[in-house]
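According to this note's numbering, the residues represented by the sequence shown are 1087 to 1703, in order.
There could be a bad hint or two in this list.
List time: in silico DSSO-like cross-link candidates among lysine-lysine, alpha-carbon distance up to 27 Å [stated by the list, open to error]: (1) K1579 to K1637; (2) K1209 to K1251; (3) K1403 to K1114; (4) K1401 to K1360; (5) K1637 to K1670; (6) K1566 to K1702; (7) K1281 to K1408; (8) K1670 to K1403.
Quick list of simulated restraints, FRET-style, between CB atoms [claimed, not checked]: (9) L1641 to V1467: 32 to 38 Å; (10) Q1505 to T1589: 42 to 48 Å; (11) R1536 to D1384: 45 to 51 Å; (12) C1658 to K1486: 21 to 27 Å; (13) L1392 to D1580: 40 to 46 Å; (14) E1461 to I1267: 42 to 48 Å; (15) H1278 to E1644: 49 to 55 Å.
Bear in mind the hints are in silico, worked out from the structure with no lab data behind them.
It should be emphasised that the depicted structure is a prediction, and the values quoted were computed from it without experimental measurement.
The beta-carbon is built from N, C-alpha and C at its ideal position, and this holds for glycine as well.
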Amino acid sequence: MLSRGSNFGWSRRKNKLKERYLNYLDGKRLRKAVNAGWLWLNHHRNWLNAINVFPVADGDTGTNMSLTLRSAAIGANSSRSDSLPDVADAIALYSLRGAQGNSGVILSQYFKGVALSVRGRRKLYTPDLAETFRAGSDSAYNSVREPREGTILTVLSEIAAHAEKASTRRSMSHFLESALIRGRVALQATRHKIKELSDANVVDAGGQGFISFMEGIVHLMKRGEMKGDSSVLEREPEMPIAIEEHSAYRFCSEFLVRGDCFDTDLIRQTLIDKGDSLIVASASMGNDSFLRIHIHTDAPAEVEHLATSLGTLEKRKIDDMKAQNRSMRRWRTLFKRNEPGGIRIVTDSTCDLPSALAAFYGIEIVPLKVSFGQETYLDGVDLDNFAFYRKLREMPVTPKTSQPSPGDFAQRYGEILGQGDCRQIISIHISSKLSGTFNSSYTAANEFDRKVISFDSGTASLGMALMTIAAAEMAREGEKIETILKKLEERRKDQGLFFTVGTLDYLIKGGRVGKARGLVGKLLNLRPVLSLVDGEVIPVSKVKAEKVLDKIMSLLPEGGGHYRWAVGHADCPSQIEPLTAVLKERFGVEDVLTGEIGPTVGTHAGPGCWGVFYMKG
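Work out the full structure, taking the sequences as your base and the hints as a guide.
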């Protein structure tokens, strides 16, 4: 469990003399420092998302760094030993396994360098800590194919250089505060080193993330708790408007591989012509060795093939950056044109909304739980889609899903309303006929005196995603809550989905087969075409596999240009490209939301499921 209290056991100093002689770092203190840094950065994650314009303006740096540091904190807390090397190794390994995005992988390699530099040491004094800063910075630089000045790498290097000069200071807190001040200077300089940052008048988001991480540690050491400059928490960024698709490639691809040992230089050389933003990183602890590949590419399947040849593929994440960029371009225009309306949108993890879009639209997601026997995970937090479908295929037990409790929702609602800029919440959820999630939300909402309104979407997965995005856009445009709810009710009446599955087995096991039960045993070489009506799976047709796409297209509503569209898949990404192309050709639409069907819905649909979602307006 993560320690979420403000005091991490680093006692508050009642006078400056004690603070002055807090002069070493050991395993216990490192553990508490990483927790403090993570919590501080997590508090600022939306700010980091807002200023994220380089290398790709996908608005998720804050979310990615927060998730990476969360994994690092879990590693620190799970280490059975309090020794400095063991805690540092756990941080390095867990941060690599949980790394998200370009900045997250770089951060994990920083921790790897730190871990290697503390081998054989019980405590670090300021000269030793200066060495770890340099080791971490060098490790981060070496993981990147083409290091770019003006990014987080510059901030890390400048902090390390200053630390080496300031290492004569005895007080650990004074030493770190001095390094932090130098880091802030280096961070401000980043806006003048990269054109995209200069055009948007922002600093590098990854560099700002590391500064936020250090701020949390310094506040902990100086005060014994998480307190800081309130003006930092209150500032609201102006969303950068200068948007360009900086990468020449379409897909942001990440792979995590477990194996015996990895030649990172050789792997990096093999992938050098496959794309840009290439990072090849590794970490080991005991008998466990992991490799993470991050690359922007047009050939994710080729990179995945290489990854699988190196060992066991543990995780896979492929995002369509160009589709995300189009959606964010529209959202940034709304952000620029309108003041916040004081209405926030909450949903649950069955919406399968890509994390980058959720972060950018400011949509809060409350996760459901997925259980395989005695193992329980938070959907989209502890269990990603790739790992879920692998478990679904390999494990003999049928997974179970459970909705968040009213207490889970009440806690999240309270946190959001307590932020000051939120007056009301619309909480949009999976059809109440498919799950008890809406009922849990409704029960919790009753505690907030009409400040929280729960809304039954009548659908699931990317159909919900379309609805939550529409609600977030209306809130940003300044619509009143009554108007938003009325329009959502209208859209609920004019939405739908058609999908197919690789097998009916999962629908049967999950009790979701409904009126499609008559298809069981009758399909032979045919594939079913199904729909969802009033929370029940309805059979529409059965056709040969090669005719499924044509059949689904024939069922879609006319006047497609007046609809919002989404296509989703369950561990069969090859279906997305042709499906999206046909939709665009037929209806002339630019924006098609694409995503992977996650664990909650995938439990019942199974791998091989894919479909089209639509909503008018």
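Right, here's what the structure says about each hint:
no.: 1; hint: K1579 to K1637; in the structure: holds, 23 Å
no.: 2; hint: K1209 to K1251; in the structure: holds, 20 Å
no.: 3; hint: K1403 to K1114; in the structure: violated, 34 Å
no.: 4; hint: K1401 to K1360; in the structure: holds, 20 Å
no.: 5; hint: K1637 to K1670; in the structure: holds, 17 Å
no.: 6; hint: K1566 to K1702; in the structure: holds, 20 Å
no.: 7; hint: K1281 to K1408; in the structure: holds, 20 Å
no.: 8; hint: K1670 to K1403; in the structure: holds, 24 Å
no.: 9; hint: L1641 to V1467: 32 to 38 Å; in the structure: holds, 35 Å
no.: 10; hint: Q1505 to T1589: 42 to 48 Å; in the structure: holds, 45 Å
no.: 11; hint: R1536 to D1384: 45 to 51 Å; in the structure: holds, 50 Å
no.: 12; hint: C1658 to K1486: 21 to 27 Å; in the structure: holds, 23 Å
no.: 13; hint: L1392 to D1580: 40 to 46 Å; in the structure: holds, 45 Å
no.: 14; hint: E1461 to I1267: 42 to 48 Å; in the structure: holds, 45 Å
no.: 15; hint: H1278 to E1644: 49 to 55 Å; in the structure: holds, 53 Å
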